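Residue numbers (numbering that gives the first Met the number 0), protein chains in the order written: chain L, 0 to 296; chain G, 0 to 296.
A few of these clues could be false.
The list treats identical chains as interchangeable, and a pair is accepted whether it falls inside one copy or across any two copies.
[Said to hold, decoys possible] Below, in silico cross-link-like pairs of lysine to aspartate or glutamate (DMTMM-like), each with a Cα-Cα straight-line distance of 25 Å or less: (1) K78 to D142; (2) K82 to D26; (3) K251 to E207; (4) K156 to D296.
These are computed hints drawn from the structure, not numbers from a lab.
Note that the structure is predicted; figures quoted are calculated from it, not measured.
Each chain, written out:
2 protein chains.
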Amino acid sequence: MSRRIEKNATSITVALIQMSCSLTPADNLKKALDRIKQAAKQGAQIICLQELFHSRYFCQSEDDDRFGLAESIPGPTSKALAKAAAAAKVVLIGSIFERRAEGLYHNTAVVFEKNGALAGTYRKMHIPDDPCYYEKFYFTPGDAQPGFKPIDTSLGKIGTLVCWDQWYPEAARLTALGGARLLFYPTAIGWHLKETPEMKAAQADAWELMQRSHALANGCFVCAVNRVGREDNLDFWGGSFIADPFGRIIAKASPGKEEILLARCDLSSIDWTRRHWPFLRDRRVDAYGGILSRYLD
Amino acid sequence: MSRRIEKNATSITVALIQMSCSLTPADNLKKALDRIKQAAKQGAQIICLQELFHSRYFCQSEDDDRFGLAESIPGPTSKALAKAAAAAKVVLIGSIFERRAEGLYHNTAVVFEKNGALAGTYRKMHIPDDPCYYEKFYFTPGDAQPGFKPIDTSLGKIGTLVCWDQWYPEAARLTALGGARLLFYPTAIGWHLKETPEMKAAQADAWELMQRSHALANGCFVCAVNRVGREDNLDFWGGSFIADPFGRIIAKASPGKEEILLARCDLSSIDWTRRHWPFLRDRRVDAYGGILSRYLD
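Looking at chain L on its own, in the form it has when it is part of the complex (with noise of 0.2 Å):
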């Protein structure tokens, strides 16, 4: 029964923690761990940690070895956030390297309710590759069906995307249409040290730009958390943010500093802005087929 009152819940707080990463993953899940009991201190009521917490970001380069740090779930990581999630009453989001099969690893967003129960798993479905990003050498698409699919959880239904699924308006689109008021995107996102200050400043707009509408074309909460600090040839710009369902920033991090970002956000905001804004309401399901194509030529 408190299930369903909180599913009714006119507001939830959410916290987005991000941190800097050290050599030693167990340093990292100590530090993840004390700052998930430090936020629900402070109110969180679901907290998310960034892209891949436990470790560095490892794809900066194809190395065999580093499939050793993936995890089966349920697995130590898996179990830690669990426990965490039920000692801090709260629900978790966190992110592994998920090792599924021998020789079939993911880029795994889990889900934790506040008694500690997996509420679900959301395997990344868009992939990136990019020099310092070699990502498709180490993670499987994700296989779901369907694809894109909000977690049910006890505060209602909410999206976990993964990093390069944010630069895709379908992901959002289908989370969103599947009932998720939340959309959170656990991130690892940073600059070439080579870059100009003008592309640093231009991809980093971008990227807040492109989550921002998400939540505007879709009219739901947006919570991005991504890393800081700088790990071999990337400086993560940070920049945590959580974004209202018109699109307005209501809190964001600092570029380069640790920090618990909280911001309580209003449910009732997400009929009252489709009301004004009833993009839902115009959609031309009869005339997006084209969606599906790779290439319209």
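Place chain G on chain L using the hints.
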């Protein structure tokens, strides 16, 4: 042969004509024709007029008499535009309240070639209906098959989407997948006079943000042209702009003044941007089926 050479042009100069409209359609047409001439003198190769430039924005109430403003294509306004395109030797995008048949009216973008030939038309697909924007009363939604298709011109393929379409990532995506390198959005969007300054700013920001996101998601240019001036209950906010394939604004008009906004669009930046941010490469076309649903409940 010149057509072929131009299609390989490495840049195109775009002009957007942001203007106010009087109560006299003939005056508005004259103003538009004058500005087309001026823009061409300034080097414009493609010129785009604002939505329904021929009249005040008549959809602020539901009034049968206003169907009298509509015209066939070809009709007097389209013929005047064709002539202007030929005289100025430009590709010209106009916007017409189209009378397709008795009791069947559309909000239609028309594209003329440099020699005055009709290159194509696009009937607005997404139709709004909000206080002071009673468009569902006037406009039948577009029914072309496919609904979103670029128009082929001597300067390459361009997309002509119209106003409310600008809030739909699907429309931009489909038109870009069809090969459009520039997306044009003739627009009539304004503030209700009673809105707060804070909400006005948020609305104009949202409008710009959403369209910049289409440039970014699709790696193409976006050119949005809006009217200015107070008309009854609405204050049209202008702010016409041109964004590059990374979503950066390269030219922007003032909020309240008439203006011819020009920008040179470097077409080589499309491939450059898409190589560096290869979003089209990684789309999960196998997993987007739900986009064709109204809601996934």
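query: So which of those numbered hints doesn't the model satisfy?
result: none
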